[in-house]
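So the sequence lines, in the order shown, correspond to chains F and S. Residues 1 to 177 in our numbering are what the first sequence spells out, letter by letter. Residues 1 to 539 in our numbering are what the second sequence spells out, letter by letter.
No lab work stands behind these hints, which were simulated from the structure alone. Everything numeric in this text was worked out from a predicted model, so none of it was measured. Careful: at least some of the hints might be erroneous.
Unchecked claim - Sample of chain F residues facing chain S (criterion: CB under 7 Å; computed from the structure): (1) I23; (2) F27; (3) T28; (4) S38; (5) M116.
Stated by the list, open to error - Taking CB as the label site, the calculated pair distances span: (6) S:T535 - F:A55: 47 to 55 Å; (7) F:V13 - S:L309: 19 to 27 Å; (8) F:A67 - S:G276: 41 to 49 Å; (9) S:F189 - F:D160: 52 to 60 Å; (10) F:M17 - S:K160: 33 to 41 Å; (11) S:I523 - F:A24: 42 to 50 Å.
Said to hold, decoys possible - Stretch-level coverage of chain F by chain S, calculated; a stretch enters the list once three of its residues show a Cβ under 8 Å from a Cβ in chain S: (12) 8-20; (13) 44-53; (14) 140-152.
Backbone N, C-alpha and C define an ideal beta-carbon position, used for all residues, glycine too.
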Amino acid sequence: MHIDPLERKWIFVVFAMVGIMLIAIFFTALVQRVHPPSNVETIDSASLHLTQEFAEDNLGVHRGADAAVRVTMVAARYGFYPQHIEVPAGTPVTFRWATIDVLHGVHMARTNMNTMVVPGFVSQVTTVFPEPGEYPMFCNEYCGLGHDHMWSRVTVVPKDQWSGPKVATVAADKKGG
Amino acid sequence: MFDKAEKLALANMWVAFVSFLAAAALGLYQVLERSGIVPELDSAAGYFGSVSTHGVLMAYVLTTFFIMGFGYYTATTSLKQPVWSKPFAWIGFWVSLIGTLMAAVPLVLGKASVLYTFYPPMQASAAFYIGTTLLVVGSWFWCVEMIVMMAQWKRAHPGKPVPLAMYATVANAILWLWTTVGVASEVLFQLIPWSLGWTSTVDAALARTLFSWTLHPIVYFWLIPAYIALYTMVPAAAGGRLFSDEMGRVAFVMLLVFSLPIGFHHLYMDPEQAAGWKLFHGFGTFMVAVPTLFTGFTVIASLEIAGRLRGGKGLLGWIGALPWSNPMVLAALLALLLLAFGGFGGVVNASYAMNTVVHNTAWVPGHFHLIFGGTTVIMYFAVAYYLWPRLTGKSLFSHGLAVAQLWLWFIGMLVTTAPWHVLGILGQPRRISSIVYDTPLATTWAPYEAVMVTGGAILLISAIMFVINLLLTHAGAATDAGREVEYALPIHPVLRVPSALNGFALWNWVLVIYLVASFGYPIAQFFILDVHNPTAWGI
Chain F
1 MHIDPLERKW
11 IFVVFAMVGI
21 MLIAIFFTAL
31 VQRVHPPSNV
41 ETIDSASLHL
51 TQEFAEDNLG
61 VHRGADAAVR
71 VTMVAARYGF
81 YPQHIEVPAG
91 TPVTFRWATI
101 DVLHGVHMAR
111 TNMNTMVVPG
121 FVSQVTTVFP
131 EPGEYPMFCN
141 EYCGLGHDHM
151 WSRVTVVPKD
161 QWSGPKVATV
171 AADKKGG
Chain S
1 MFDKAEKLAL
11 ANMWVAFVSF
21 LAAAALGLYQ
31 VLERSGIVPE
41 LDSAAGYFGS
51 VSTHGVLMAY
61 VLTTFFIMGF
71 GYYTATTSLK
81 QPVWSKPFAW
91 IGFWVSLIGT
101 LMAAVPLVLG
111 KASVLYTFYP
121 PMQASAAFYI
131 GTTLLVVGSW
141 FWCVEMIVMM
151 AQWKRAHPGK
161 PVPLAMYATV
171 ANAILWLWTT
181 VGVASEVLFQ
191 LIPWSLGWTS
201 TVDAALARTL
211 FSWTLHPIVY
221 FWLIPAYIAL
231 YTMVPAAAGG
241 RLFSDEMGRV
251 AFVMLLVFSL
261 PIGFHHLYMD
271 PEQAAGWKLF
281 HGFGTFMVAV
291 PTLFTGFTVI
301 ASLEIAGRLR
311 GGKGLLGWIG
321 ALPWSNPMVL
331 AALLALLLLA
341 FGGFGGVVNA
351 SYAMNTVVHN
361 TAWVPGHFHL
371 IFGGTTVIMY
381 FAVAYYLWPR
391 LTGKSLFSHG
401 LAVAQLWLWF
411 IGMLVTTAPW
421 HVLGILGQPR
431 RISSIVYDTP
441 LATTWAPYEA
451 VMVTGGAILL
461 ISAIMFVINL
471 LLTHAGAATD
481 AGREVEYALP
491 IHPVLRVPSA
501 LNGFALWNWV
511 LVIYLVASFG
521 YPIAQFFILD
531 VHNPTAWGI
């Protein structure tokens, strides 16, 4: 087989480029532990109301025993519930999502909060919002003819002005029901 | 003389390009409707029905029929032997066509507005799933033809290297057979029984996993014919030689092996697959960039040889010396430019963590329209301009119209996709039919929406020019101009190649192992986990 010397150099360059990109990705994943939402946790989407975590009264912002902020939300055609939440800036916030009907996706524009919400599974994302402000939260997966109207609002307030959860805080960090 | 099966090639490619024109018209409707510039057009049902149809026509119908037509012609002319079985090939054509028409009915009636990615548990009419399945089944006939023809040729020419154009075509046929395993399993075992009411629930997460099996290699199924033209036709059209035949073979083998087990980069944001599997698929996603980077080098080096043979001097003088008015050469240059832009966006999407910022935003259609429309379809145009006179025995109606059309397409692609990239960064979701969000952020999107409408209009004008040129060529008077296809000769003639680069047995075994490793447990887990499947939902 014939390989031109110039071609040989290019092959080296190609593997170097791809190698550098892969090293960056594996470094952030394995050392800095940056992962996309991948918790593989099942739930019965048809009976969320019977679970403790996703029952209507328990949705919203919670502060766990360890002072971590946890947000439980439900995606349903065509809205995210609760429709408005308030979370502190500069604090790790863990979102837990479930859908009661079809496939949805959700992202807060210009942040790292982005996940698919798949029937039968709970999605979980932890992120920190550095900048206080009003953030729209959009459904980003086609979920039916009313998809355009599916969105809600998140207010990120400065850490020292955050008054805590507006709904009753669950004493223990229970998962599922 | 041998039968080149011109009618077969023409029939397949005409179905492709008529579908393409319809899809381009829907594209303009979609950007107009979405932008809200013409309030009378506002209709979510119209938009999502149109997006579903546009996707099916562009991604399934245009590509499959073009690839079949081009493949038959490439096979006969590169091997210099007739099609193995013409009736078998025509059966494939008709099965695919009947499937397409069957899927078209529910699409037009708004009973299949589930996008070309299906998205259970939203349920479409059974005719939609059965029709698209038949379209794929028809293409399997083509795969068999290609594999048998290469085997016949190898038996008649023991030890000789299969011509590169045919080697790559068979790589694509084998790639397609492996690719369709995922979507065929989803449709046959999940969607069709469910849409006919035989089962009441559907495992949506399993369906997504199976579709992801198909969703990446399908892109290479579309792209490989463009690469075949870049390797085997462009250097000759530019008046030069192919820089390396062997590296071409290596690139096509790598595309076959690395494009298959990497579909989870479409599921990075999904909760039903664990991080390790996503990272594993992410690694392969970067490996599949390697053959594309090889291809870029070989094609540009081949063009440089042509430019210098034509008298181009200096470091970059050869670029100006190339025949820019030759549609094949022009399309190749524009395709490589758009591939570079689209490839940059692709690296962002492929990045395990960075993808979070752009996932399901307008950035994503911006990326894939560049690669699909800008790199793949522009080469389909070039191939059509090159083959139409050879297939019909008539000269091309207008050379100038062809050159203008390619430039317009290039400009239209940039004008359409540049604003989508910006909108994605500004957080706009893809797949919305209107902007009703009452938030200051949404008001920043308006200027980019206006630009994308202009792009859609330019693209439709270009599409019309393309189809008219083919139509008037076909309707023109017969000439006795040469009808031979000129495949590019490599600088170093290839007399022998290692058997691994002259067949696919080894690579099929590699794929079995690689696919089981990548998808085995991720699919099996749905039969182990305590899953609760949703029932059907309407749109």
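How the hints compare with the structure:
{"no.": "1", "hint": "I23", "verdict": "violated, 10 Å"}
{"no.": "2", "hint": "F27", "verdict": "violated, 10 Å"}
{"no.": "3", "hint": "T28", "verdict": "holds, 5 Å"}
{"no.": "4", "hint": "S38", "verdict": "holds, 4 Å"}
{"no.": "5", "hint": "M116", "verdict": "holds, 5 Å"}
{"no.": "6", "hint": "S:T535 - F:A55: 47 to 55 Å", "verdict": "violated, 21 Å"}
{"no.": "7", "hint": "F:V13 - S:L309: 19 to 27 Å", "verdict": "holds, 26 Å"}
{"no.": "8", "hint": "F:A67 - S:G276: 41 to 49 Å", "verdict": "violated, 30 Å"}
{"no.": "9", "hint": "S:F189 - F:D160: 52 to 60 Å", "verdict": "holds, 56 Å"}
{"no.": "10", "hint": "F:M17 - S:K160: 33 to 41 Å", "verdict": "holds, 36 Å"}
{"no.": "11", "hint": "S:I523 - F:A24: 42 to 50 Å", "verdict": "violated, 30 Å"}
{"no.": "12", "hint": "8-20", "verdict": "holds (count 6)"}
{"no.": "13", "hint": "44-53", "verdict": "holds (count 3)"}
{"no.": "14", "hint": "140-152", "verdict": "holds (count 11)"}
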